[in-house]
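First to last, the sequence lines map onto chains A and B. For the first sequence, position 199 (counting from the first letter as 1) is numbered 199 according to UniProt numbering, and the numbering increases by one without interruption. For the second sequence, position 129 (counting from the first letter as 1) is numbered 129 according to UniProt numbering, and the numbering increases by one without interruption.
Everything labelled a hint here was simulated from the structure, so no lab data went into it. Don't be surprised by glycine CBs; every beta carbon is placed ideally from N, CA and C. Be a bit skeptical, because a hint or two may be false.
Derived pair list, reagent style DSS-like, types lysine-lysine, alpha-carbon separation capped at 30 Å [claimed, not checked]:
(1) B/Lys146 to B/Lys72
(2) B/Lys44 to B/Lys72
(3) B/Lys326 to A/Lys188
(4) B/Lys72 to B/Lys86
(5) A/Lys188 to B/Lys309
(6) B/Lys326 to B/Lys72
So, partial list: chain B residues that the calculated Cβ filter (under 10 Å) puts toward chain A [claimed, not checked]:
(7) Asn85
(8) Asp117
(9) Ile118
(10) Leu126
(11) Ile128
(12) Val137
(13) Ala142
(14) Ala157
(15) Phe300
(16) Gln319
(17) Arg322
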Amino acid sequence: MIQAIAFYLFATLVLASGVLTIVARNPVHSVLWLILAFFNGAGLMLLVGAEFLAFLLIIVYVGAVAVLFLFVVMMLNIDFAELRAGFVKNFPLGIAIALVLLAELVLGVGAYRAGALDLGTADGMAAPLAGESNIENIGALLYGRYLFLFESAGIILLVAMVGAIVLTHRGTRSPRGQQNIARQIARKPSEATVNTKPEIGQGVEL
Amino acid sequence: MTQTFMNWGMTHEWAWFTATIAGILLIALPLMLAVAMIIYADRKIWAAMALRRGPNVVGPFGLLQSFADGLKVFLQETIVPSASNKGLFLIAPIITFTVALAAWAVIPFNSGAVLSDINVGLLYILAISSLGVYGVVVSGWASNSKYPFFSAMRAAAQMISYEVSIGFILICVVLWAGTFNMNGIIEAQRGHGFGIVNGFFFNLLLFPMWVMFLISSLAETARAPFDLTEAESELVAGYQTEYSSMSFALFWLGEYANVLLMCALNAILFFGGWLPPLNIDLIPWFDVPGWIWLFAKILFFFFVFSWIKATVPRFRYDQLMRLGWKVFLPLSLAFVVIVSGYLMFTRYG
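The shape of chain B in the complex, shown without the other chains:
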């Protein structure tokens, strides 16, 4: 894109600057739209599994429900509790929202269609997603109220626990792909299974890693069954209890943008990202643009997330900690050893 702007007579630096801004808008605005629609989809799927109708009043099939909700919170009054720490109280939702958007900078939508093609893309994602916990912790503390504070403590412990095993799982993928670059990881999956299947999931050593990654990503985004940070039966609404209006909406948007990001990571790391599922040119299989494959995979994983939310009861906190530290951590550590040992024998030995 920089080249196009330079052809319009800009200097290189200005062209780069304009191209980057344009790229950010090109990702962030459709992402916001996608988040609005995905909230609608989430409610519809959830309703269908509970044999209800879900939102069906605003617009055709209730499609505009999220926009109506957005307008409602936009017109509400922002209430800041008098005992709260005002600056931090207002910064916390901004942190959550910004961090959720920032991680999308390295997600490739097609070969070459990525905002910033850095060679440590996966590390960037890990770093940014580890910042996500601050929004929750700071909001819980700044609210100066008991339930948000409990929620913040839970969130801090939960996210650190699951980030450890996510880190080890990602190391397995990186070892196999031989690169931290997101596009490189996707390219490494081309024809991974007998030259036919695109994706690391078709691999006896990496398939268990994918299952653990799916469960850990549920815990990392605090989705059901790991939504202990906002367990309504225990903590009212958790860290969001004191929030209203746009500050609440920012949490809401950030949370769903994070869920979409985790779905995208599942698709990119284990299911071949923008590659078609099979490496055979069925019909005009290769002519379908890459981003359509990526979006289809993201939506599939989002359906799985909603499905789990509708069916699995919430974990108890000690069970959550046990799963993270006593099951996932040893298992993923063992797989790091097994995967690196296997690669040492077959590829580098």
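For reference, chain A alone in the conformation it holds in the complex:
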């Protein structure tokens, strides 16, 4: 019974916060509703027993990606009324993207149901490593059967990251002085200070 209550709670909250993400007037509120949607999505994943994916969703999306969203949205002074003006114009495009995503979902689930992807059955009976936690199962799949797909996804992400750094990197150093921390730490009192005993009325030559 508790599971059913939890399911309806999470599902309602996912849908409600998803809708509020779109209709919220303030972009910062939008991002916060989006975070709530992620969070409840993770709750749904927990209910079906995918605890590793659920926590990964929270760590990656809520803990890092959404913080950066929030960061950007807070810094930009977005005029939301202006964005809203394009709603009717962009509506067909939005519908098209939504249809593509839906088709992908249907294809993915269909392929899984037809047995093209060997990920085991949903009830965990035919998991790659029966009786193990789903971390071990995901590991066995990602680093076993789907190793090359997984590694190539990693390389694509690495290239994207390097590209972003190359595009934004400024080669010229700033006119401000640079701190050389290694040199500061390596410095000894004997190099930095000089003990002198000047004669009266003589002054010191350094």
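With the hints as your guide, set chain B onto chain A.
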């Protein structure tokens, strides 16, 4: 505990529900008391290092100082700035406080004495602690004031930077222990050093990880020397500037509960948690309950935190970022490779 309630004639579901609620209260209430006392201890240690007396008026040795402070903020008026975003302004301290308490659900106090013994305990801690940044960021934005906003920006960048290296450090520990379960990690440390020392710190590959984890946990909880989010010489009080009364107190409690959590993580991941320090039955060494060992280790690490706060000057922001991204990230990444390579040769090869 579920079994006890079932013996009293409850159905399984109700017994589970009651047992969970009782467990939450059993952890949260003593934790609040511990936070009150730890604030007192922090002030006393800090005062002693500055050759001052510290709080010594309220109660014997000033022991009741935190409760007097709590009563004071409780009786104050809650001021909500008129230009602020009121809902978010009031939700932000609640987020900080709730998140700080929620992480304690998977901390084992003894073998089996844990509220929820899930097999991804460490991931849960990572997930919950990554939520902590929202309290700060939302409060900084909702205050609609310059200094809190600067503080929120700093907090967001700082916490993300250090979470990355903390993640890699935890992966090293998990690789060595072979499990994400907190109790499993503690059990893996039994007799880790020559069958005598309990704890991963006694390991040439994991000791540097522990040093980095200690420093990163200071940065993650925004304690000195990384307290740039509330640097009083630059930002008044940072994200707390506009807060008063209980909403301020919730930040305060949440912050210290987080510090205690990080001390507990240091103890559990590298110093054997509720295991005695040595795996030899010195005197009645094994008869001491596990939670006493855990608390002793937590208090030791809290002393280290206070010690650092009293002695190390604050970092500059670019130095903080350099340490996180240019020193800790490459080092911890290299250690993930080294540790997994070593384990591949010795354990799985």
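Each hint tested on the structure:
Under the criterion of a C-alpha separation no larger than 30 Å, the hint pairing B/Lys146 with B/Lys72 is consistent with the structure, at around 27 Å. A C-alpha spacing of about 20 Å is found between B/Lys44 and B/Lys72, which places the hinted pair at or below 30 Å, so the restraint holds. In summary, the hint linking B/Lys326 to A/Lys188 is supported, as the alpha carbons are separated by about 24 Å, within the 30 Å threshold. With a CA separation close to 23 Å, the supplied pair B/Lys72 and B/Lys86 stays within the 30 Å bound.
At most 30 Å may separate the alpha-carbon atoms for a hinted pair to count; A/Lys188 and B/Lys309 meet this at roughly 25 Å. Only pairs whose Cα atoms come within 30 Å are accepted, and B/Lys326 paired with B/Lys72 is rejected, the gap being roughly 44 Å. At a threshold of 10 Å, the smallest CB-CB gap from B/Asn85 to chain A is about 8 Å, leaving the interface hint in force. Contact between B/Asp117 and chain A, as hinted, is not supported at the beta carbon level, the nearest pair being about 13 Å apart and thus beyond 10 Å.
Given hint, B/Ile118 at the interface with chain A, holds; its Cβ is 7 Å from that chain's nearest Cβ, closer than 10 Å. Because the beta carbon of B/Leu126 sits about 5 Å from the nearest beta carbon in chain A, less than 10 Å, this interface hint is met. Interface restraint check: B/Ile128 against chain A, minimum CB-CB distance 8 Å, threshold 10 Å, status holds. For B/Val137, the interface hint holds, the least distance from its beta-carbon to any beta-carbon of chain A being 6 Å, beneath 10 Å.
Given hint, B/Ala142 at the interface with chain A, holds; its Cβ is 9 Å from that chain's nearest Cβ, closer than 10 Å. Because the closest C-beta pair between B/Ala157 and chain A is about 8 Å apart, less than 10 Å, the hint holds. The closest approach between the C-beta of B/Phe300 and any C-beta of chain A is roughly 28 Å, which is over the 10 Å cut-off, so the hint fails. Against a cut-off of 10 Å between C-beta atoms, the interface hint on B/Gln319 holds, since the closest Cβ of chain A lies about 7 Å away.
A distance limit of 10 Å between C-beta atoms decides the matter here; for B/Arg322 the minimum to chain A is near 7 Å, and the interface restraint holds.
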